[in-house]
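Going down the list, the sequences are from chains A and B.
So the first sequence is numbered by my numbering: it starts at 1 and just counts up by one.
So the second sequence is numbered by my numbering: it starts at 1 and just counts up by one.
If you are wondering where the hints come from, they were derived from the structure by calculation, not from laboratory data.
Mixed in with the good hints, there may be bad ones.
Claimed, not checked - Straight-line Cα separation of at most 27 Å, BS3-like style, residue types lysine-lysine; simulated pairs:
1. Lys320/A <-> Lys239/B
2. Lys342/B <-> Lys352/A
3. Lys309/A <-> Lys239/B
4. Lys239/B <-> Lys364/A
5. Lys314/A <-> Lys239/B
6. Lys380/A <-> Lys216/B
7. Lys245/A <-> Lys485/A
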Amino acid sequence: MDYAIEMLHVTKEFPGIIANDDVTIRVKKGTIHALLGENGAGKSTLMSILFGMYQPNRGEIKVNGKTVVINDPNVANDLGIGMVHQHFKLVDIYTAAENIILGREDKSMFGPLSFANASKKIKELGERYGLYVDPDMKVEDMTVGMQQRVEILKMLYRDSDILIFDEPTAVLTPQEIDELMEIMKNLKNEGKTIVLITHKLKEIKRVADVCTVLRRGKVIDTIDVASTSESEMAKLMVGRDVEFKVDKKEHEFGDVVLKVEHLNVKNARGLSAVKDLSFDIRKGEILGIAGIDGNGQTELVYALTGLSKVESGKVYLNGKDITDLSIYDHYEAGLSHVPEDRHRHGLILDFKLKENYIVHSYDKAPFCKHGVLDNKEIDKYASRLTEEFDVRSGQGIETIARSMSGGNQQKAIIAREVDRSSDLMIIVQPTRGLDVGAIEYIHNRIVNERNKGRAILLVSFELDEILSLSDRIAVMFSGEITGVKKAEETNEHELGLLMAGGHSNA
Amino acid sequence: MLKKYEKIIIPLVAIILGLLVGMLILLVSGLDVGALFSGLLQGATGIKSGSDLNLRYPGELLVTAIPLIFTGLAIGFAYRCGMFNIGADGQVIFGSLCAVSFALLVPLPGPLAAIGTLLAGGLGGAIWAFIPGILKVKFNISEVVTGIMLNYVALYGCNYFIRILPGSTDTKTAEIPLNASLESEFLSSITNNSRLHWGIVVVIIATILYWFIIEKTSFGYQLRATGFNKEGARYAGIKADRSVILSIMISGFLAGLAGSMLVQGTFTWGRILVASESYGFDGIAVALVGGCNALGIFLSGLLFALLSVSETILQVAGIPREIGQIISSSIIFFVAIQYIIKFFLDRSFKKKKRAVSSKEEAA
Numbered sequence: 001m002d003y004a005i006e007m008l009h010v011t012k013e014f015p016g017i018i019a020n021d022d023v024t025i026r027v028k029k030g031t032i033h034a035l036l037g038e039n040g041a042g043k044s045t046l047m048s049i050l051f052g053m054y055q056p057n058r059g060e061i062k063v064n065g066k067t068v069v070i071n072d073p074n075v076a077n078d079l080g081i082g083m084v085h086q087h088f089k090l091v092d093i094y095t096a097a098e099n100i101i102l103g104r105e106d107k108s109m110f111g112p113l114s115f116a117n118a119s120k121k122i123k124e125l126g127e128r129y130g131l132y133v134d135p136d137m138k139v140e141d142m143t144v145g146m147q148q149r150v151e152i153l154k155m156l157y158r159d160s161d162i163l164i165f166d167e168p169t170a171v172l173t174p175q176e177i178d179e180l181m182e183i184m185k186n187l188k189n190e191g192k193t194i195v196l197i198t199h200k201l202k203e204i205k206r207v208a209d210v211c212t213v214l215r216r217g218k219v220i221d222t223i224d225v226a227s228t229s230e231s232e233m234a235k236l237m238v239g240r241d242v243e244f245k246v247d248k249k250e251h252e253f254g255d256v257v258l259k260v261e262h263l264n265v266k267n268a269r270g271l272s273a274v275k276d277l278s279f280d281i282r283k284g285e286i287l288g289i290a291g292i293d294g295n296g297q298t299e300l301v302y303a304l305t306g307l308s309k310v311e312s313g314k315v316y317l318n319g320k321d322i323t324d325l326s327i328y329d330h331y332e333a334g335l336s337h338v339p340e341d342r343h344r345h346g347l348i349l350d351f352k353l354k355e356n357y358i359v360h361s362y363d364k365a366p367f368c369k370h371g372v373l374d375n376k377e378i379d380k381y382a383s384r385l386t387e388e389f390d391v392r393s394g395q396g397i398e399t400i401a402r403s404m405s406g407g408n409q410q411k412a413i414i415a416r417e418v419d420r421s422s423d424l425m426i427i428v429q430p431t432r433g434l435d436v437g438a439i440e441y442i443h444n445r446i447v448n449e450r451n452k453g454r455a456i457l458l459v460s461f462e463l464d465e466i467l468s469l470s471d472r473i474a475v476m477f478s479g480e481i482t483g484v485k486k487a488e489e490t491n492e493h494e495l496g497l498l499m500a501g502g503h504s505n506a
Numbered sequence: 001m002l003k004k005y006e007k008i009i010i011p012l013v014a015i016i017l018g019l020l021v022g023m024l025i026l027l028v029s030g031l032d033v034g035a036l037f038s039g040l041l042q043g044a045t046g047i048k049s050g051s052d053l054n055l056r057y058p059g060e061l062l063v064t065a066i067p068l069i070f071t072g073l074a075i076g077f078a079y080r081c082g083m084f085n086i087g088a089d090g091q092v093i094f095g096s097l098c099a100v101s102f103a104l105l106v107p108l109p110g111p112l113a114a115i116g117t118l119l120a121g122g123l124g125g126a127i128w129a130f131i132p133g134i135l136k137v138k139f140n141i142s143e144v145v146t147g148i149m150l151n152y153v154a155l156y157g158c159n160y161f162i163r164i165l166p167g168s169t170d171t172k173t174a175e176i177p178l179n180a181s182l183e184s185e186f187l188s189s190i191t192n193n194s195r196l197h198w199g200i201v202v203v204i205i206a207t208i209l210y211w212f213i214i215e216k217t218s219f220g221y222q223l224r225a226t227g228f229n230k231e232g233a234r235y236a237g238i239k240a241d242r243s244v245i246l247s248i249m250i251s252g253f254l255a256g257l258a259g260s261m262l263v264q265g266t267f268t269w270g271r272i273l274v275a276s277e278s279y280g281f282d283g284i285a286v287a288l289v290g291g292c293n294a295l296g297i298f299l300s301g302l303l304f305a306l307l308s309v310s311e312t313i314l315q316v317a318g319i320p321r322e323i324g325q326i327i328s329s330s331i332i333f334f335v336a337i338q339y340i341i342k343f344f345l346d347r348s349f350k351k352k353k354r355a356v357s358s359k360e361e362a363a
């Protein structure tokens, strides 16, 4: 069979790191080829090279058997290579059709844009591949799944035959993931070639034919998906055995730690984002908040932690009203917070690792005496956390946080927040973008804290994570809780319906 | 290993390159390159072949350096806290006005007058810096835009007030009382009657405090954290808006002290300015070359002062005085393009390493 893409002995070096080390992959025409690897394994770099965003130091690229030099994304487009980026590149206020033809408009010299041909082609493409999109709908009014379909149509409209999907399911609901998988299969059946970048084994198992595993910039193996189990793939990716199940024992919950009553919060644009929420969490309990990104979870967390103002309602921590306290006093009341955005909130990226460990306690003994920092104490503390939580970095506690990998940055934040031993932990997206090895570790840490009797509010957009960690699960949709379920009494399907705004009894 | 010394190596390379540019221009113009170095040596130490050691030169060098170091510290402090205080120039001018007004209008006994005048200048600068600070926090207006505009307001506004102080002429105010000035007979006498004043002690103390506050205190930690990532600092429980305003006010205080130095030391009166003397802008260069750390700023302040005081010496030796400015501009240029210097340093460093490792392999 012919190869659509051959990347032979590709090496790409960045200062101080070899992102791709003599990587060879061959993608057969009409197949779905998965690229699996941990963060920083070099998947995205490799695809960026194929898409013309980086130039390799060494190596050869062949498309449909011909050696090519791709030094610009436009060249890639002309070769029939299209990419669906993780963060969509769409113009919000344009309609689907306008977005799709952008850059390829039919127009007479002075006349208005003509959509007649475009609309016809979009319709045809949609029917052929099962990509249903209303061409006249504005992107800002679409669900994320629909936006992704627009992105796919954009590639097809440009006659791309080779489609690269960069972590396409990160933002989708389970139902939308199902649909996407169907679409990918349709595309394959119509003769398209697909490269799927992901670290989700389940998805590979569902759609891919072949999978190339990358680790630290090198190809570890290229395997036949049908005859390889998920745990074997995980082992190839991480380099050791990975435990998928979290060891969580049944236990009695204690007193109520967090009590939220009729909470209303507005978002940055002044619109109501959290509507009349009430819930509580007990000692030793993990309450998972499931839901699609943008349904009020962020605003809820901001309100609970004092980062934004509460419109109305009350928040009690250990019976104390903390609704209107300052951020500082929230922490004093016994709260720790693993924030959603580790770069915006979680870390001061230009600070050293050790300085990042003390962001809440820099002004307290033993780190600070009479306003003067005690570097010995800080170093001692930082070394202990680094060792205990296995935070790895180039220059130890002196490393600038910016230069650490995402997984280790997250471990550092978890270390800091866990070590504060607060009664209530608010943990948001603890494993976003992390690989299975780091996820396993962080999940165990979270459950460990639960077992010690902390109350934990876990917000995640990953249903698997919510299901495997939570004791109870509340689903948020459009600022409201559409259902609260016990973790062992629900499943992905039911939660998925709730996340999309349906009701479980409907 | 290279990273560790980068902060020192890059400015040094820039200074050497800057001097090379100066030499090259002299060579091309057919002028005496040696005179450049003997001129700089004389400006720095007072040593001149064929004549007696004259300590007046280093004395005057320090007089010129003092306000430069203060504005360098001002810019550096703001920069470390995530801000670009381009309004330092206006803060120097307003600080001068406050200092001279205090000295002339508030008679105090003994050294209290000098201390009061000093603080009046600093507080003036801090108040002038408060305006861009509060505008930044409340309305998210860039401190660069407001700073530049306030420079003009300060320049023309202060001229008016200087003119109406009792005893002012068309060009300057009356002389400030002796006990409000920082003049020192002792310092002057050991430097062959230069204008060297007690400000040198003040600037050394300020430099040490700068280092201590930024690097060693929880207060400095808080300001730096806010400067790097305001949202991150807010998340950590730091009152970020307050930190922003305090940072720029401390920066303004340091710039205001530069104004006090001009009033109490360099001159002993306030002056009506036709145009900005650009102490604030020179401070940007000083801070940049000094890498925004305390000792670096102190040394780079001395360097820029040297290039400026050497101009007259060079002119006497038949070298156009502009050469000093050419050199200092080149140095700034080379520091500004430090990424290119870094690139070449990295490359030659790597080559060496490669050469070493291949030798090892061969062995």
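Going through the hints against the structure:
At roughly 23 Å between alpha-carbon atoms, Lys320/A and Lys239/B fall within 27 Å of each other, so this suggested pair holds. For the proposed pair Lys342/B and Lys352/A, the alpha carbon gap of about 22 Å is at most 27 Å, so the pair holds. At most 27 Å may separate the alpha-carbon atoms for a hinted pair to count; Lys309/A and Lys239/B meet this at roughly 15 Å. Between Lys239/B and Lys364/A the alpha-carbon distance is near 16 Å, which keeps this suggested pair within the 27 Å criterion.
With a C-alpha separation of about 23 Å, the suggested pairing of Lys314/A with Lys239/B holds against the 27 Å cut-off. Restraint check for Lys380/A and Lys216/B: the C-alpha separation of about 17 Å stays at or below 27 Å, so the hint holds. About 20 Å separates the Cα atoms of Lys245/A and Lys485/A, which keeps this hinted pair within 27 Å; it holds.
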